[in-house]
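Student: Those protein sequences? They're chains A and B, same order as listed. Residue 325 in our numbering is what sits at position 325 of the first sequence, and the numbering runs on without skipping anything. Residue 243 in our numbering is what sits at position 243 of the second sequence, and the numbering runs on without skipping anything.
Honestly, I wouldn't trust all of these hints.
As the list makes no split between identical chains, a pair holds if one copy fits it or if it spans any two.
[As the list claims (entries may be wrong)] In the PhoX-like style, the derived pairs of lysine-lysine whose C-alpha atoms are separated by at most 25 angstroms in a straight line are: (1) 135 / 295; (2) 158 / 289; (3) 121 / 195; (4) 135 / 289; (5) 352 / 135; (6) 307 / 105; (7) 352 / 295; (8) 307 / 174; (9) 86 / 232; (10) 295 / 86; (11) 105 / 352; (12) 343 / 280; (13) 121 / 321; (14) 135 / 321; (15) 220 / 295; (16) 321 / 342; (17) 6 / 135; (18) 289 / 174; (19) 6 / 220; (20) 321 / 174; (21) 358 / 158.
These are calculated hints, taken from the structure and not from any lab test.
Protein chains: 2
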Amino acid sequence: MSFNLKLLNVENNARAGEFDTPHGTILTPTFAPVGTQATVKTLAPAQLESTGANLILANTYHLFLRPGADLIAEMGGLHNFMQWDKPILTDSGGFQVFSLAEMRKIDQDGVTFRSHIDGSKQRLTPEIAVQIQEKLGADIIMAFDECASPYDESYSTKAMERTHAWAIRCLQAKTRDDQALFGIVQGGIFPELRKQSAEFISSIDFPGYAIGGLSVGESKIEMYRTIEIVNKILPSEKPRYLMGVGTPEDLIYGVQRGIDIFDCVLATRLARHAAALTNKGRLNLMNAKYSRDPKPIEEGCNCYTCKTFSRAYIRHLIMAKETLFGTLLSIHNIHMLQDLMKKIRQAILNNKFGEFSKEYLSNYEYKPGITADQIIYESRE
Amino acid sequence: MSFNLKLLNVENNARAGEFDTPHGTILTPTFAPVGTQATVKTLAPAQLESTGANLILANTYHLFLRPGADLIAEMGGLHNFMQWDKPILTDSGGFQVFSLAEMRKIDQDGVTFRSHIDGSKQRLTPEIAVQIQEKLGADIIMAFDECASPYDESYSTKAMERTHAWAIRCLQAKTRDDQALFGIVQGGIFPELRKQSAEFISSIDFPGYAIGGLSVGESKIEMYRTIEIVNKILPSEKPRYLMGVGTPEDLIYGVQRGIDIFDCVLATRLARHAAALTNKGRLNLMNAKYSRDPKPIEEGCNCYTCKTFSRAYIRHLIMAKETLFGTLLSIHNIHMLQDLMKKIRQAILNNKFGEFSKEYLSNYEYKPGITADQIIYESRE
């Protein structure tokens, strides 16, 4: 099939559209929760669906190592294996190899590394990354890229060059026409490298483009500037995916700068650390002040958790170390982001995103002392 | 309200009936999953409901220590706190005080002990146990009893005598008429003590009676014999509750001997240890032979887990340490026992329980080397 972004409205740089995949239409802008090991942690698919989630992400690196791509292919592919019949995106494994794997050796052809699970020697190349992703069978698959330390210009240059060469090889290796292969822009925090990368990658006819290598330790200002530089160059008629970003404020700032797709582990990671995302900032539900609080996490929220349980009950589950708290908070946190994306999309369709975002951010309290990107960096899986 | 067991049919000693409570009718015989800390571990109420569960058990000892009975009362009672609007049974705390608490000192008036959570000094008496259970607000509450080591005749005698004196005090302490207080028979494995205890406890007009102190290390033969001795004495028109027992075979052997209500942590505990209950025996889903098995845990099972996922996927979740496996296996295991109880009840109503149980047990494979009661003993919470 051919993958096209149908833009329904554009307000300044913010875009509302539709992107068809074999497992349904993605309404953009969209936020994808992360199901690293073929499960969005602690949630059954029915619970995940109740959050409004549509596109989800799974990690090639993890699934390649365990249970293996052949096994998943034998079980009918990732959709059938994990029983998610809506769109799935797999990353290429690049990010995890460079951040998780031990003893990695990079050459022009690919990367040799040791598994974090059993220490076994493994190899990923552009061709192998595509082959694995074809076996997994996601709707959107990613080119194999190299994510460098963002402040190291010499390494960022080399990594970008390899990423470019590998992008071409990924496209050549691809055999399935029911998967959209996205190219990835790299280049650290260096404007000239980012320009060069955006120009090179957008010269290749991918059905979508991603910005990689952000939310890995750089400042917010550097992140937003990079998005602006890259999105000026990427073709406006193709979807743009900002990898690994997903705080409420970054979703708004990203959409303002022309991003259509986001993914992040933050919502589920915070949930497992007893924190709730709300439209006014974060709540640490371990706090004793919630012990007798009969209110839901966020008043007016329509998620299962808020419609059913008090803060007092959720705090009790946290204190009693009952894993159900992670499930209930994951439902709420993902729902909160899905709901925000729906409001953002509706605002763009009504040409009111400018007003909406101003109003939203004026009510939103940043967590003092910790910047969102630091938290994301720690929580990248 | 008055609590009455309506017996619909009796086949030999097996009984099918109805027992009305303020939160609905319990169809007997029934199996109650255990929600120790106001949650059946890993399950949201909607998932628990999908298993067919009706009556559930919560533990007074745990809830008394955390979050406290006053807090739960303030949150509208246990039903509202945990959002389970079907019948709930609370135990008296006796079993846990004698098996979990540290430095316990027993006197004629009650027990002083240290909390396993923070080491704080605590006290339970018959009056306090009833008061706590009135604050929790379950439909069925239990008299405060003392569970002795089953083979110690001298201790069993003393514990039984205290249990008898405490049963009277519990009845006197009770102030709510919307809760059914059940008396408990003790006496270890000693037939004379069990007779004496059954006679004494059944001379007090409780709306139901329980057999305590079983499944704590005694043999199966001793357990079944004790049930027979006690049930010959307990009045046939009142419900009989066998505490802490819940393997498939024991549900059948218990019903054969006149039991109406069971509870056990086995189903959920096994789930967290990667084991599935089936009508043919247990499966250890960690076993490599399931890694590429596309079949559900049990063919023909109508639970969410079996209707949705393969053994291969569940095994992957186990190996990847994704807590979702505990949720999916808990759903299956509880559903399996609920389904068995439905079949047992229907068989009794059709006067076919004799045939049914013979047929069922001939297809059921005991786990070799470990007797079910040993496993239950280890897993009592």
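Student: Each of the hints needs a verdict: does it hold here or not?
Tutor: Hints, verified against the model:
| no. | hint | verdict |
| --- | --- | --- |
| 1 | 135 / 295 | between (46 angstroms within a copy, 21 angstroms between copies) |
| 2 | 158 / 289 | neither (51 angstroms within a copy, 45 angstroms between copies) |
| 3 | 121 / 195 | neither (36 angstroms within a copy, 68 angstroms between copies) |
| 4 | 135 / 289 | between (49 angstroms within a copy, 22 angstroms between copies) |
| 5 | 352 / 135 | neither (42 angstroms within a copy, 52 angstroms between copies) |
| 6 | 307 / 105 | neither (51 angstroms within a copy, 44 angstroms between copies) |
| 7 | 352 / 295 | neither (31 angstroms within a copy, 51 angstroms between copies) |
| 8 | 307 / 174 | neither (45 angstroms within a copy, 34 angstroms between copies) |
| 9 | 86 / 232 | neither (31 angstroms within a copy, 59 angstroms between copies) |
| 10 | 295 / 86 | between (33 angstroms within a copy, 22 angstroms between copies) |
| 11 | 105 / 352 | neither (49 angstroms within a copy, 69 angstroms between copies) |
| 12 | 343 / 280 | within (15 angstroms within a copy, 51 angstroms between copies) |
| 13 | 121 / 321 | between (37 angstroms within a copy, 22 angstroms between copies) |
| 14 | 135 / 321 | between (38 angstroms within a copy, 23 angstroms between copies) |
| 15 | 220 / 295 | neither (33 angstroms within a copy, 48 angstroms between copies) |
| 16 | 321 / 342 | neither (33 angstroms within a copy, 33 angstroms between copies) |
| 17 | 6 / 135 | neither (28 angstroms within a copy, 59 angstroms between copies) |
| 18 | 289 / 174 | neither (55 angstroms within a copy, 33 angstroms between copies) |
| 19 | 6 / 220 | neither (30 angstroms within a copy, 69 angstroms between copies) |
| 20 | 321 / 174 | neither (46 angstroms within a copy, 32 angstroms between copies) |
| 21 | 358 / 158 | neither (40 angstroms within a copy, 73 angstroms between copies) |
In terms of the numbered hints stated before, the structure departs from hints 2, 3, 5, 6, 7, 8, 9, 11, 15, 16, 17, 18, 19, 20, 21, listed from lowest to highest.
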